[in-house]
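Top to bottom, those sequences are chains A and B.
If you're matching positions, the first sequence starts at 1 in my numbering and goes up one per residue.
If you're matching positions, the second sequence starts at 1 in my numbering and goes up one per residue.
Derived DSSO-like pairs (lysine-lysine); straight-line CA-CA distance at most 30 Å: (1) A/Lys2 x A/Lys120; (2) A/Lys120 x A/Lys3; (3) A/Lys19 x B/Lys160; (4) A/Lys120 x A/Lys19; (5) A/Lys19 x A/Lys3; (6) A/Lys19 x B/Lys162.
If we take Cβ atoms under 10 Å as the criterion, some of the chain A residues that face chain B in the derived model are: (7) Val79; (8) Leu103; (9) Phe188; (10) Asn190.
If you are wondering where the hints come from, they were derived from the structure by calculation, not from laboratory data.
Beta carbons are placed, not taken as given, at the ideal position from N, Cα and C, and that holds for glycine.
Chain by chain, the residues:
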Amino acid sequence: MKKNEIFINGAFSDNPIWKQVLGICSALAVTNLMINSLVMGLGVIFTLALSSFTISLIRDYTPRRVRMMVQTLIIASYVIIVDIFLKAIYPDMSRALGPYVGLIITNCIIMGRAEAFAQKNNPFNSLIDGVAAGIGYTIVLLLIAMIRELMGFGSLFGFTILGDWWISWSIMVMAPSAFFVLGLLIWFINYRYYTKPSEEK
Amino acid sequence: MDINPLVILLAAIFTNNILLVYFLGMCSYLSVSREITSSIGLGMAVFFVLTFTSGINYLIYHYILIPLDLVYLQYIIFIIVIAAFVQLTEIVIERFSPVLYYTLGIFLPLITVNCAILGVSLFMVIRQYSFIQSVAYGAGSGLGWLVAILALAGIRSRLKDKYLPRGMNNAAISLIITGIMALAFIGFSGVAIIQ
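Let the sequences and hints guide you as you build the complete structure.
Structure (structure tokens):
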């Protein structure tokens, strides 16, 4: 497989969120503000790329029976790095994200990519696949956050976009809107790209 | 932090539902909610594992990690405890109660990667609960998760043969139903609990 093919596949046609429906937890939880989503996305790209790389590097030496445990421990070590980094450099951000940084460990995307790709491919290709899947994930996160922050606060990245006339929709900041926005987004993308009119019942 | 454990338990089921408010455990929630029987099995398994792991992780965090100054290792320790507990439960259940094993057993391996379990342990640390409060929070979250997946499974089993717009099957419609459920659960936050 060519390198750019791996990238396009990982980021768009096999996008973790709208195609595989993995890693929804954090996609919903951190998307009330764009800046949170961006930091979360960068954390996931870092963890995903490096853990795919490491898992692929040791794939021939890992016994099959314990590989889930080994993968979890590798992922957890990278998440600890992300967590310590955030705590040291951006303590406010670390507090805003709360437990969701730690929950990158159980983010199904990382385990999913490890099982589906890193187990079978060489370390460099796995690294590209990890970065691509991470970018695909971040794009969706930012998209959802853009809709929610714009309607909920009238701002983007904290800068006011819509003026004083805009009455903020407080529902957009609350939990249900995350489900609605993501549901409608997945519906739209499925409708537009993954189904044909003939499939209609 | 001296909130009545009973209040924490009820709040974790209704007002602060782990799934509908904190979005934890979505992966298995979306994939296993096709049938009511399997969602009861998974929900019971989550309830059981959550109640115990939140207690065990509390003891480990406060009596081992803090005295040894190893708090930065909490993620690794918590996930190992959860995985080991799940494995242990599987062995014990298989040995002593084959009937229970057939209802819960197949769902247990799924639990290790369910983010609700790790999430509850992390929330317990952040909110500085005491031991009893942690166990109450774990049990309440487990029950809340069970309620949510049961409700979705019930709705989805009725939707099975209905007409849906193109591209809206599975994930999209489940998310929108969950959104409506979350909206309904917000109503509980107006309920005052008399202590």
